[in-house]
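What follows is each chain in one-letter form.
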Amino acid sequence: MLRFAVRRIGLMVPTLIGLSLLLFFWVRILPGDPARSLLGQRATPEGIERLNELYGFDQPIWKQYVTYVSALARGDFGQSIDLHEPVLDAFIDKLPTTIEVTFVALLLAVAVGIPLGYYAGRHQGGWLDTAIVSTSLLGVVTPVFFLAILLKYVFADQLGLLPTQGRQDARIDVDHPTNFYVLDGLITGEYAAAWDALQHLILPGLALGTIPLAIVVRITRASVSDVVHEDYVRTAEAKGLYAGTINRRHILRNALLPVVTTIGLQLGLLLSGAVLTETVFALDGIGNYLYDAITVRDYPVLQGFILFIALMYSIINLLVDLSYGLIDPRVRVS
Amino acid sequence: MNIRQLRRGVALSTIGLLGTLALAACGSDAPSGDSGEAASAAEQQCQELLDASADAPDSGGDTFVFAASSDPAMLNPFFASDGETFRVARQIFEGLVGTQPCTADPAPLLATDWTGTEDGKSYTFTLRDDVTFHDGTEFNAEAVCSNFEYWVNQPKGPAQSEDVTYYWISLFKGFRDSETPSIYDSCEATSPTEVTINLTEPFAGFVPAMSLPAFAMQSPTAIEKYGQVADEEDPTTTQYALKYPTGTGPYKFVEWNRGENVRLTAFEDYWGDQPRTQNIVITTIEDTGAKRDALMNGDIDAFDLVAPGDIRTLEEAGVQIINRPAFNILYLGINQAQEPLDDLKVRQAIAHAINKEDVVNQTLPPGSEVAKEFVPPIVNGYSEDVQEYPYDPEKAKQLLAEAGAENLTLEFNYPVDISRPYMPSPVETFNVIRTQLEDVGIKVKPVGDQWTPDYLELIQGTENHGIHLLGWTGDYNDTDNFLGVFFGRESSEWGFDNPELFKALTEARQLPTVEEQQPKYEAINEQVMEFLPGVPIAHPVPSLAFAENIEGFYPSPVQDEPFTYVVVNE
Numbered sequence: 048m049l050r051f052a053v054r055r056i057g058l059m060v061p062t063l064i065g066l067s068l069l070l071f072f073w074v075r076i077l078p079g080d081p082a083r084s085l086l087g088q089r090a091t092p093e094g095i096e097r098l099n100e101l102y103g104f105d106q107p108i109w110k111q112y113v114t115y116v117s118a119l120a121r122g123d124f125g126q127s128i129d130l131h132e133p134v135l136d137a138f139i140d141k142l143p144t145t146i147e148v149t150f151v152a153l154l155l156a157v158a159v160g161i162p163l164g165y166y167a168g169r170h171q172g173g174w175l176d177t178a179i180v181s182t183s184l185l186g187v188v189t190p191v192f193f194l195a196i197l198l199k200y201v202f203a204d205q206l207g208l209l210p211t212q213g214r215q216d217a218r219i220d221v222d223h224p225t226n227f228y229v230l231d232g233l234i235t236g237e238y239a240a241a242w243d244a245l246q247h248l249i250l251p252g253l254a255l256g257t258i259p260l261a262i263v264v265r266i267t268r269a270s271v272s273d274v275v276h277e278d279y280v281r282t283a284e285a286k287g288l289y290a291g292t293i294n295r296r297h298i299l300r301n302a303l304l305p306v307v308t309t310i311g312l313q314l315g316l317l318l319s320g321a322v323l324t325e326t327v328f329a330l331d332g333i334g335n336y337l338y339d340a341i342t343v344r345d346y347p348v349l350q351g352f353i354l355f356i357a358l359m360y361s362i363i364n365l366l367v368d369l370s371y372g373l374i375d376p377r378v379r380v381s
Numbered sequence: 003m004n005i006r007q008l009r010r011g012v013a014l015s016t017i018g019l020l021g022t023l024a025l026a027a028c029g030s031d032a033p034s035g036d037s038g039e040a041a042s043a044a045e046q047q048c049q050e051l052l053d054a055s056a057d058a059p060d061s062g063g064d065t066f067v068f069a070a071s072s073d074p075a076m077l078n079p080f081f082a083s084d085g086e087t088f089r090v091a092r093q094i095f096e097g098l099v100g101t102q103p104c105t106a107d108p109a110p111l112l113a114t115d116w117t118g119t120e121d122g123k124s125y126t127f128t129l130r131d132d133v134t135f136h137d138g139t140e141f142n143a144e145a146v147c148s149n150f151e152y153w154v155n156q157p158k159g160p161a162q163s164e165d166v167t168y169y170w171i172s173l174f175k176g177f178r179d180s181e182t183p184s185i186y187d188s189c190e191a192t193s194p195t196e197v198t199i200n201l202t203e204p205f206a207g208f209v210p211a212m213s214l215p216a217f218a219m220q221s222p223t224a225i226e227k228y229g230q231v232a233d234e235e236d237p238t239t240t241q242y243a244l245k246y247p248t249g250t251g252p253y254k255f256v257e258w259n260r261g262e263n264v265r266l267t268a269f270e271d272y273w274g275d276q277p278r279t280q281n282i283v284i285t286t287i288e289d290t291g292a293k294r295d296a297l298m299n300g301d302i303d304a305f306d307l308v309a310p311g312d313i314r315t316l317e318e319a320g321v322q323i324i325n326r327p328a329f330n331i332l333y334l335g336i337n338q339a340q341e342p343l344d345d346l347k348v349r350q351a352i353a354h355a356i357n358k359e360d361v362v363n364q365t366l367p368p369g370s371e372v373a374k375e376f377v378p379p380i381v382n383g384y385s386e387d388v389q390e391y392p393y394d395p396e397k398a399k400q401l402l403a404e405a406g407a408e409n410l411t412l413e414f415n416y417p418v419d420i421s422r423p424y425m426p427s428p429v430e431t432f433n434v435i436r437t438q439l440e441d442v443g444i445k446v447k448p449v450g451d452q453w454t455p456d457y458l459e460l461i462q463g464t465e466n467h468g469i470h471l472l473g474w475t476g477d478y479n480d481t482d483n484f485l486g487v488f489f490g491r492e493s494s495e496w497g498f499d500n501p502e503l504f505k506a507l508t509e510a511r512q513l514p515t516v517e518e519q520q521p522k523y524e525a526i527n528e529q530v531m532e533f534l535p536g537v538p539i540a541h542p543v544p545s546l547a548f549a550e551n552i553e554g555f556y557p558s559p560v561q562d563e564p565f566t567y568v569v570v571n572e
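Note that the protein sequences, when read in sequence, are chains A and B.
Counting from 48, one number per residue, gives the positions in the first sequence under our numbering.
Counting from 3, one number per residue, gives the positions in the second sequence under our numbering.
Simulated from the structure, these hints should not be mistaken for lab results.
Check each hint, because a few of them may be wrong.
What the hints assert, rightly or not - What the simulated footprint calls covered on chain A by chain B, stretch by stretch (three residues with Cβ under 8 Å from a Cβ of chain B suffice, anywhere in the stretch; the number is not a length):
| # | stretch |
| --- | --- |
| 1 | 155-165 |
| 2 | 325-334 |
Stated by the list, open to error - Cβ pair distances, simulated, as ranges:
| # | chain 1 | residue 1 | chain 2 | residue 2 | range |
| --- | --- | --- | --- | --- | --- |
| 3 | A | I108 | B | T182 | 24 to 32 Å |
| 4 | A | Y200 | B | S180 | 48 to 56 Å |
| 5 | B | K158 | A | I341 | 25 to 33 Å |
| 6 | B | K158 | A | S117 | 50 to 58 Å |
| 7 | A | Y200 | B | K158 | 46 to 54 Å |
Since we're looking at a predicted model, the values are computed, not measured.
Idealized CB from N, CA, C, for every residue including glycine.
So that you can see chain A by itself, here it is in the shape it has in the complex:
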């Protein structure tokens, strides 16, 4: 297991180096230059020239790459040329927002998706199974941004049940030691603030979580319906084991393997879906920040953020692979 993990981590290094190289050139191929974006309507030819000189954009591209890589080697991811803050600090600052929303979305997908999928798989062909399957199909095909706008319109604008945007009511002034607002409210004893922050997460979490929820339902259902026909389930039943034990140990556990893989893959998609959800609900997370960086061609932020997201995605995938061992002892042995 350890050797496997070390080898996988080793493989991540060339992947990330390759990605950084691609990213470096990719962001520079985008039309439009950062100096003009920064100066906007106030741009003069001299101003643009001076800025390009200042940020080194007037240098040959290979020289810029050498500078970039040598800074990376020192752990320096550069500084946003728009907002003047170090890219790593900005990422760490924005990450809690995205993690909070992603967590709620994932929680929804797992906590609701697995039981529903399991039930549908066990009762194939029933009316509830048909309802679950067709609803989940609707969930898969509904675009995130559309759902986000719809949810916001109905539950926030029209019914006024939940907040329309942001992470916290602007009138609530509390400390944020961890920058995870719900957690902050709980550890500082500001329960009203925690409840308010949680309310702010419901709609974005729902919007972001619907597609993974639908996918988890479908995969769980398919997987469960495969497993129930396996010989060992029949054997267990013939042995007269309790139904609960069969369901839990023989069916669910074996059915979970493809589900876990799916959840891992979905996590990566959730990070990209966050760009849309964060924009609709005006959440100040990495998605929103990245979107702004694209519009002003903030090269260091684009390079840094996409690299960090790729790194996170790789780590999540590694964890998913490692979790196979926990779920399926056969993997551990091999």
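Chain A is fixed; fit chain B onto it per the hints.
Same frame as chain A, now just chain B:
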């Protein structure tokens, strides 16, 4: 000065302006700068709000939440040129000079009055003697000189680039150790309440320029302690610029949660009227629709830049819509580098083909005014006598025939996904003008682009465009701040070379006093409209939305809008 005095000040605004200009001109008689036009609907509304503000209750709820479109860039206004940084700065900082309510004209603030020498190279300010900075540092002539010396001694590197010190570079040219020398020469503190600023060349716009938040007074103690940077270091990331902005304004800084909000609280030792609302939260909501929803839901109390399409919905929900008097221009630019747009007759035909009234009525907020030249009426140098091009499709067709351009096809560039104060819904504006041009037989090839960087890059950085929509919001009352920006030199946007116009603008800029500049600028405005580099369309009024229970706010054409008198009725 309290609000009742302010109201009186505005009632006497013409007299005030006369006085100001006369002072700047060393006592000589000066023109009023007032175009004589009846006040626009927005100006009238502003006056009414100013009156109502004086009568509003003295206190109410303890927190006012205003939604801004973006975060401030940082908190030291000297390094900023964007409206959202300035919105926060207007609460924390004050300049030597403010503006008369509802106008762009300079008014006393930290300086009670001022005089300029005849050569326009030296200005003496008399200062208030009852002002302290938020950190307890005394505000006096020495503090003023410290500020000027701080500005001119910016270190080499980012601090001397246009994206950081735009206003200093565009108005005072350079720094102590830069290749281009600064036109700021020296500062003399002749007494604690009297300070003289010496320039190396005449600068008639000096006094109004001092009303820009970029030149607001900052605590020398706090700058010394938290704001020092060396060569090549970034001055926008100092502790001062992120955590310790220290001015003399009605509100002092509490905290900035990046990407979310800035919190301010009333400054207990403020020299003027105590703010009516104890706490201000300026929260960031980028999307216009999200701001509208947040206001309707009670999450916020007010926001800026209401989309014209939302005004009716908001009004029906009881929201107050307040129009800021227009200090801007929306125009149709014409690129003369593309034939046959270099032919005056073709440009005149385009001008006659456009029904500006329809454009205003169909695509701009109510209260917006049709423009006949490139500066708004309240700017010194606005001329009543410019050549006008009334809507006349038949004449347009005739002019096109005379120019031999009956089968004219034009590339029409417009920005998408953007709302600017002078251009709230560009796509709709484009569609109306496009139909009008097609009605006179001009074929239109639409080219829509993302605002930044694509659209601006295309228009300002290349020659590959035909006619386009763009505009400008003025920073302070000066014709050069409009015409100089557009037509001061050859540019890709307009594609013409007109040495006569360039020279006239340079000469007018160098005149020592406003009253000497005024007739020159009037003549230049007339010259421009004969040359017709583009078609001025409108002066759109930017709209703000306030919840029903908010009182006391009055808008400013140059966004000089501290929330001192805002009250949240409970």
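Status of the hints after comparison with the structure:
Counting residues of the stretch 155-165 of chain A whose CB falls under 8 Å from any CB of chain B gives 0; the rule of at least 3 is not met. Counting residues of the stretch 325-334 of chain A whose CB lies closer than 8 Å to any CB of chain B gives 5, so the stated coverage by that chain holds, three being the minimum. Under the hint 24 to 32 Å, the C-beta atoms of A:I108 and B:T182, about 30 Å apart, fit the expected range. In this structure the supplied range 48 to 56 Å holds for A:Y200 paired with B:S180, their Cβ-Cβ distance being about 54 Å.
The given range of 25 to 33 Å is respected by B:K158 and A:I341, whose C-beta atoms sit roughly 31 Å from each other. The hinted range of 50 to 58 Å is not satisfied by B:K158 and A:S117, whose Cβ atoms lie roughly 23 Å apart. The hinted range of 46 to 54 Å is satisfied by A:Y200 and B:K158, whose Cβ atoms lie roughly 52 Å apart.
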